[in-house]
Amino acid sequence: MAQTTYGAEVTTGPVIEAKGLGVKFAVNRRRKRSLREMFIHGTKRDPNAEGDEFWPLRDVSFEVGRGDCVGIVGKNGTGKSTLLKLIAGVLMPDEGDVQVRGKVAPLLELRAGFNDNLTGRENVYLVGSLHGMSEELIDERFEEIIDFAEIKSKFVDTPVRHYSSGMKVRLGFALISQLEHPIMLVDEVLAVGDKAFKRKCYEAIDRMLANHRTMVLVSHSERDLRRFCNRGLYIKGGGLALDTDIESALAAYDEDTKAEIAERKKRDAAKKKRAEEAQQKADEAARENEGDGDGGQAA
Amino acid sequence: MASRTLAVWEHRKVVGLLVRRDLKVKYQQSVLGYAWTMLEPLAMTMVYFFVFGVILNANRGMPTEEYGGFLLFLVAGILPWTTFGQILGEAPRAMITHAKLITTMKVPREIFPTATVGTKFIEYLLTWPILLVFVVVLGGRPSVMGVFVWLPLAVVLTFAFGLGLTLFLSSVNVLLRDVERLTRIVTRLLFYGSAILFPASMVLESDQVPGWAMTLYQLNPLLGIFQMHRAVWFAGFEELTPTTLALSSSVVGSILMLIIGYWTFRRLEMSVLKEL
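In order, the protein sequences belong to chains A and B. Read the first sequence against the working numbering and you will find it ends at 297, with the numbers running on by one and no gaps. Read the second sequence against the working numbering and you will find it ends at 579, with the numbers running on by one and no gaps.
Please keep in mind that the hints were generated in silico from the structure rather than gathered at the bench. Among the hints, erroneous ones may be present.
Listed next, the in silico DSBU-like pairs over lysine-lysine satisfying Cα-Cα at most 30 Å (straight line) [said to hold, decoys possible]:
{"no.": "1", "chain 1": "B", "residue 1": "Lys409", "chain 2": "A", "residue 2": "Lys196"}
{"no.": "2", "chain 1": "B", "residue 1": "Lys327", "chain 2": "A", "residue 2": "Lys150"}
{"no.": "3", "chain 1": "A", "residue 1": "Lys234", "chain 2": "B", "residue 2": "Lys409"}
{"no.": "4", "chain 1": "A", "residue 1": "Lys17", "chain 2": "B", "residue 2": "Lys403"}
Extracted from the complex, chain A is given alone in its bound form (with noise of 0.2 Å):
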């Protein structure tokens, strides 16, 4: 049976274990399909509509250790989000099961959570409590977070709806940072705010990580990932196509993109070929014409 199971954090073995992961979407029309399906036929499969699933991940089996951080690189639309969603556990796998042990901080959306019509005080409090954050440690911690986001005081107490959406990331980030659980999922997030801030961000997750928190990271950011990273997680057309150290992964995505991007400069040349061609014949063909004709315009 597919499932996420969470256990009581361990000292020992593997945090993030899974195994055989999949997970299927419908394409299109079955979306619509699918609700009947599930009352009449339960969760038996249509034999007929099985050219119309897609899996974005499939059979991913591997382990996080404690402290580790792993990053995950890959070209868009193959599942590394995905990935990151079933270890979250906000979304239920098809096949396989991931078990995580240990609270999750998810870094996942910035902004998640947030009312636009409470004030950004009253927003820190919402979503640090949503995250298992105690009134007595968020009020502790309330300066840290307003001078780590950069938030003048006069902001402070203002609808977050007012605030620019660089503000709203920079205190989602300086919230969801003061988490003390075990495993952080970053998605990306390191891409926002300003160069000041970004570094800003690096210290925190380089503080966290020193604390053995276990990471899992998805960037396209070759410098972040060299720099947090000691495990890289290759994923390719929704399969795990390397599970080695970040440099190699790094070195095996560079690897296909460039096959890929001679691949399409081939198909680009040859297109240009035939495009070349074809523009010739026409041209003779025209002049051919012109050669034929009664050479009235010509004169």
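Here the structure of chain A is known, so what remains is to put chain B in place on it, guided by the hints.
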């Protein structure tokens, strides 16, 4: 099922936070806050009172002045109905509005519909001061049976039915967005089908309604529930208490709705998470 219910209970703090957030947002946006939420049902009550009671003179078989009259009858039905109608109105969006939270936070997903219903429960409690004012001014007569049996039963069944319906509608609506529109139409039909504006006896004692239609009419669980809400305030006016059939269909219907709603919610949970 037991373990999931337990998980929701363990996350009751989160439910509380969501309820508090919704109330805060709702009441701080306008100065009149509370007054506004009360104004709407009261305005509707007045409209119905004048149209049906005064102009159309349709208050046959209703409690007379000495019992509190047509006006108390209307208020006692419309106030709980407003809450129920709001549950129906928000139920289809209970999951969609929380899409961002659901896709980033690992919590039992049931807490979002539960929070929606919880908010409405608090708002229902807030209608009580108004209701009591009407009861005192118009001279309603609460009965012992009414206060200790009908009232708690009515409240429990209203919210059990509401929660079941919210679980059902919130998950189905993610996959089939038409549900939202359909719900709006059904809500209107239910308003008239649940005898909010007239006593159910008007239908049940009519010569023009065939027997099967009467049975069908009483099978609507909401009919009994709202009859109970009203029966509390009319001691000695037995025509307003639900019939055995209406009573049993409210109890069975509410429990059934809760089970169906929960079952559907669990069944669709995986697809809902993918679509959000």
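Hint check results:
no.	hint	result
1	B:Lys409 / A:Lys196	holds (27 Å)
2	B:Lys327 / A:Lys150	holds (24 Å)
3	A:Lys234 / B:Lys409	holds (27 Å)
4	A:Lys17 / B:Lys403	holds (27 Å)
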